[in-house]
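Sequences are here, hints too, so could you generate the full structure?
Number of protein chains: 2
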Amino acid sequence: MPNQAQPVLIAGEWRPADTVGEFHPTNPQTKQPTGEIYPVSSIKDVEAAVVTASEASEQLLNVSPETKAQFLEQYADRIEARREDLVEMAHNETSYPKETRLNGIELPRTTNQLRQAAQAARDQSWALLTIDTETDIRSMYAALEGGVAIFGPNNFPFAFNSISGGDFAAAIAAGNPVIGKANSSHPGTTRIFAEEAFEASRETGMPDGTVQLIYRTDHEVGKRFVSHPLIGATGYTGSRRAGLVLKEAADKVGKPIYLELSSINPVAILPGALRERAEEIADEFLTSCLLGTGQFCTNPGIILLIKDEATDSFLDMAKEKFANAPVGTLLSEGVLNNLAGGVEALTGVGAELLVGGESGGGIGFSYQNTLLQVSGSQFLENPQALQQEAFGNESLAVVADDVEQAKEITSSFEGNLTGCIYTAQDGSDDALYDGLAPILRRKVGRLLNDKMPTGVAVVPAMNHGGPYPSTGHPGFTSVGIPASLLRFAMLQCFDNIREHRLPSELRDKNPTGTLWRQIDGEWTQGDVK
Amino acid sequence: MPNQAQPVLIAGEWRPADTVGEFHPTNPQTKQPTGEIYPVSSIKDVEAAVVTASEASEQLLNVSPETKAQFLEQYADRIEARREDLVEMAHNETSYPKETRLNGIELPRTTNQLRQAAQAARDQSWALLTIDTETDIRSMYAALEGGVAIFGPNNFPFAFNSISGGDFAAAIAAGNPVIGKANSSHPGTTRIFAEEAFEASRETGMPDGTVQLIYRTDHEVGKRFVSHPLIGATGYTGSRRAGLVLKEAADKVGKPIYLELSSINPVAILPGALRERAEEIADEFLTSCLLGTGQFCTNPGIILLIKDEATDSFLDMAKEKFANAPVGTLLSEGVLNNLAGGVEALTGVGAELLVGGESGGGIGFSYQNTLLQVSGSQFLENPQALQQEAFGNESLAVVADDVEQAKEITSSFEGNLTGCIYTAQDGSDDALYDGLAPILRRKVGRLLNDKMPTGVAVVPAMNHGGPYPSTGHPGFTSVGIPASLLRFAMLQCFDNIREHRLPSELRDKNPTGTLWRQIDGEWTQGDVK
Chain F
25 MPNQAQPVLI
35 AGEWRPADTV
45 GEFHPTNPQT
55 KQPTGEIYPV
65 SSIKDVEAAV
75 VTASEASEQL
85 LNVSPETKAQ
95 FLEQYADRIE
105 ARREDLVEMA
115 HNETSYPKET
125 RLNGIELPRT
135 TNQLRQAAQA
145 ARDQSWALLT
155 IDTETDIRSM
165 YAALEGGVAI
175 FGPNNFPFAF
185 NSISGGDFAA
195 AIAAGNPVIG
205 KANSSHPGTT
215 RIFAEEAFEA
225 SRETGMPDGT
235 VQLIYRTDHE
245 VGKRFVSHPL
255 IGATGYTGSR
265 RAGLVLKEAA
275 DKVGKPIYLE
285 LSSINPVAIL
295 PGALRERAEE
305 IADEFLTSCL
315 LGTGQFCTNP
325 GIILLIKDEA
335 TDSFLDMAKE
345 KFANAPVGTL
355 LSEGVLNNLA
365 GGVEALTGVG
375 AELLVGGESG
385 GGIGFSYQNT
395 LLQVSGSQFL
405 ENPQALQQEA
415 FGNESLAVVA
425 DDVEQAKEIT
435 SSFEGNLTGC
445 IYTAQDGSDD
455 ALYDGLAPIL
465 RRKVGRLLND
475 KMPTGVAVVP
485 AMNHGGPYPS
495 TGHPGFTSVG
505 IPASLLRFAM
515 LQCFDNIREH
525 RLPSELRDKN
535 PTGTLWRQID
545 GEWTQGDVK
Chain Z
25 MPNQAQPVLI
35 AGEWRPADTV
45 GEFHPTNPQT
55 KQPTGEIYPV
65 SSIKDVEAAV
75 VTASEASEQL
85 LNVSPETKAQ
95 FLEQYADRIE
105 ARREDLVEMA
115 HNETSYPKET
125 RLNGIELPRT
135 TNQLRQAAQA
145 ARDQSWALLT
155 IDTETDIRSM
165 YAALEGGVAI
175 FGPNNFPFAF
185 NSISGGDFAA
195 AIAAGNPVIG
205 KANSSHPGTT
215 RIFAEEAFEA
225 SRETGMPDGT
235 VQLIYRTDHE
245 VGKRFVSHPL
255 IGATGYTGSR
265 RAGLVLKEAA
275 DKVGKPIYLE
285 LSSINPVAIL
295 PGALRERAEE
305 IADEFLTSCL
315 LGTGQFCTNP
325 GIILLIKDEA
335 TDSFLDMAKE
345 KFANAPVGTL
355 LSEGVLNNLA
365 GGVEALTGVG
375 AELLVGGESG
385 GGIGFSYQNT
395 LLQVSGSQFL
405 ENPQALQQEA
415 FGNESLAVVA
425 DDVEQAKEIT
435 SSFEGNLTGC
445 IYTAQDGSDD
455 ALYDGLAPIL
465 RRKVGRLLND
475 KMPTGVAVVP
485 AMNHGGPYPS
495 TGHPGFTSVG
505 IPASLLRFAM
515 LQCFDNIREH
525 RLPSELRDKN
535 PTGTLWRQID
545 GEWTQGDVK
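Quick mapping for you: the protein sequence lines, in order, are chains F and Z.
Following our numbering, the numbering of the first sequence begins with 25 at its first residue and continues without gaps.
Following our numbering, the numbering of the second sequence begins with 25 at its first residue and continues without gaps.
These aren't lab readings, by the way, just hints derived from the structure by calculation.
Any given hint could turn out to be false.
Identical chains blur together in the list; that is why a pair holds if it fits in one copy or across any two.
Cut-off 25 Å, straight-line C-alpha distance, at most; resulting in silico cross-link-like pairs (SDA-like, lysine to any residue) [claimed, not checked]: (1) Lys533 / Gln449; (2) Lys533 / Ala481; (3) Lys553 / Asn473; (4) Lys276 / Pro493; (5) Lys247 / Gly358.
These figures come from a predicted structure and were not determined experimentally.
Here it is as structure tokens:
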């Protein structure tokens, strides 16, 4: 039987996959197949891609930072030129609104990220250039040996796509070739990105193996992929279950793997804030929780309240808002089933359903906007089960008896990407804040005040990371340039190296006059004196 | 039977260990017991120490950087005051020369390291303070949640000691309490350090659980130690075998573990350099290889040569120097047996013994200075077996047929801490260097020219790290302040946090006027404008 599946991009050509199966993406609104067929690749495809990436990784040593920057910029331009196809395809594959999400927000975020990465490649701001003159020892971060495997998530078809998202931008800007593993929720979108990335790489003279794409593998092949002797590192965003399978394989052979696994992003709303502006906060909560049908890594999955009369009226208000808000479409039947199962698991351990709790209510794959409630004591009896992520338009209100119990609950939180505390403007929550914040602070990558967590600005100080199990390591971020590049880099030290053999960034003369370097402990754009 | 073993330091007191056994350290020169008895701790001791450290980790949130700095400095002063006891004990336990090694070199290195760490705690140079004014997002590195477990190696009783070495200094300066696991080669030295550290912590008002000490555990307890839910991270320097056991346990539960495992530190000596200054290089090689009886992490375990007449005469010269050099004492019977076994393994896969190869020749536990040789083709037939570390006064010369084979050999190297290339001053090796250096560069953490790797300066640009399996991650260093602190830290982001609730380092006003912060992409010591 001829291979009807879409070709993969390996070693500089679109070629038939070596398949062990195929899959048919589904339009989540119509629940019908999109009509395209995609391959499940065998280990042969993975092997070929990894070997090619390893060669490209060597070739990239001779490509200037400026060329890498030009590639990223050219690619961003091409994405904008191909905007209509991308939006159309992503809409069919994910059901995300064309204007208010895909074209209006996610596409500019994506091209902006690529352009910021280009700038980081050019100004080497990520490399932490360090020079000690007395000992003549110099160091910097530089690309890894071998390509970077990127497993993108289902929920951001543009901004976290394996072939256009934050991990891609970071890995390329740090000087590494990328092998993208598409998410099965949007293979067509990923294919269009890869077409444009590949063309941009040719136009700017990047090695042919800089960008490669496969669509899916089984678990065994996935494990061999991330643990391949020639792979440099892996970036993975997705389910905790699949991520931990890959982590185990990579850890065993000492290959770096950066994981974003799951997060319930607790939001504590303190009594004074509720007294002061309950409705405003309920609106912010509703918007944040239902944004993208709740399919955000930073979706507020738990709100923590302290029992008093304001709490009940707040929950009544939230309940009504959840019931009246339109129900969005979920990304796939899998997401729907996980969400339904997650809600069932929560009620199974004592959470009370305030509103929602049934499939349907929207177009295609959908599930009612769902709010659950549990008492603080119940939560503390079963903290692990009650903080399992139910990915989607759902949240669990935890109502603590008092301040002490709220602290205990906070102490029981696993590692999360974010944690928020809403407090009164008049200072009436300040003492409570001071007791709670130090506990929450260390459980999360990003702490917020009076702001829901779903906005993730792409700025240097952003941390989209957090303690395990939200990610695999508390010291790295996947959003925020230049810091996100450090994941795909090694520390290189030069000891007594003759000056003409040093990378130009580490020679006495600042090659551009604008690179920031730490010379003898002082940050400067000057030369070594 | 009363517990005669030395007490452990847990929860602010020296108390009898909960033991599952005991051990008797040996003087390596006399091969006699030192007379002291040390406990092998049960899980109960570990549990108590980890819980205490977790509490101390919380208490340390309220301790200023200045106090942490004062503690480290006070401790350095106390080490100097206790110098005689330390040198005497370490000499008995390790046989290292009192003046030329312990008192003259390693002690000042240790106190210097502690004082540099104090300075880093004070100036927050390690925290990468980052502020984005437009979005009001700010971030920094800060201490982990939970204590840091430190497993020190046998070979540096002062400078890498669990309770005084680089990992200790880094973990404390980053704001973490430490639980030291002494190395069995020098428990008495470690005990004296812990006595002084504990006193210094009391004098400076640090929490009682800041410094704790146990001496030994079995493997099962060690695994539970590094994977304990309340532990923050682990620093380990030692054998690859034991390290990988701990790594697997820590990885499984997502606990960071930083490992320094083994390294053969290849040194390529190019033909022009040999023609120009063979004897000088042979002397440098001899000194480096036999330093500390070869018991350095950066000991040159492989020299790579390219066959010609200069090679043979160089090896003859080296052979003679190895034969005539005094034979040092090894740290323990275990080290001796490993070295003997390592040499046997190398000859078993075809290495030819040029000189040495027998136990004895020095005082106490000793093994002849040993040089082996293997052809490039033989090496390439069995690259893994021929780059197993034989820790001690031993090195393997690999003689390549030609330049191409030298490149192939370099490509086959595993990850190492260091790699060196010696080249002629007259430029005659330059083309060869340009072919070899890019390959070697990515196999090692530190690349050197015309210099042996055994000196590891404690300066900001130092990288004492490298790709797996030399360490567990290519992005971190265990020497070099402030960079070494980043291992024991999490990235903390503050989003829309009211200014008075921010850490003082991240408020608009630079609290000291001297902190380096990156504000909107520019490094500055100024305020937010």
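Inset, instruction - Can you give me the call for lysine 533 and glutamine 449, within, between, both or neither, at a CA distance of at most 25 Å? - result: between (52 Å within a copy, 23 Å between copies)
Legend entry - Intra/inter-copy verdict for lysine 276 and proline 493 if alpha-carbon distance must be at most 25 Å: Both: 18 Å inside a copy, 11 Å across copies.
Legend entry - Up to 25 Å CA-CA - asparagine 473 versus lysine 553, copy category: Between copies only: 22 Å across, 45 Å inside.
Legend entry - Within, between, both or neither, where lysine 533 and alanine 481 count as close if Cα-Cα is 25 Å or less: between (35 Å within a copy, 23 Å between copies)
Inset, instruction - Pop the pair lysine 247 and glycine 358 into one bin, within, between, both or neither, using alpha-carbon distances up to 25 Å. - result: Answer is within; shortest intra-copy Cα gap is 22 Å, inter-copy 37 Å.
In this structure, every one of the numbered hints holds.
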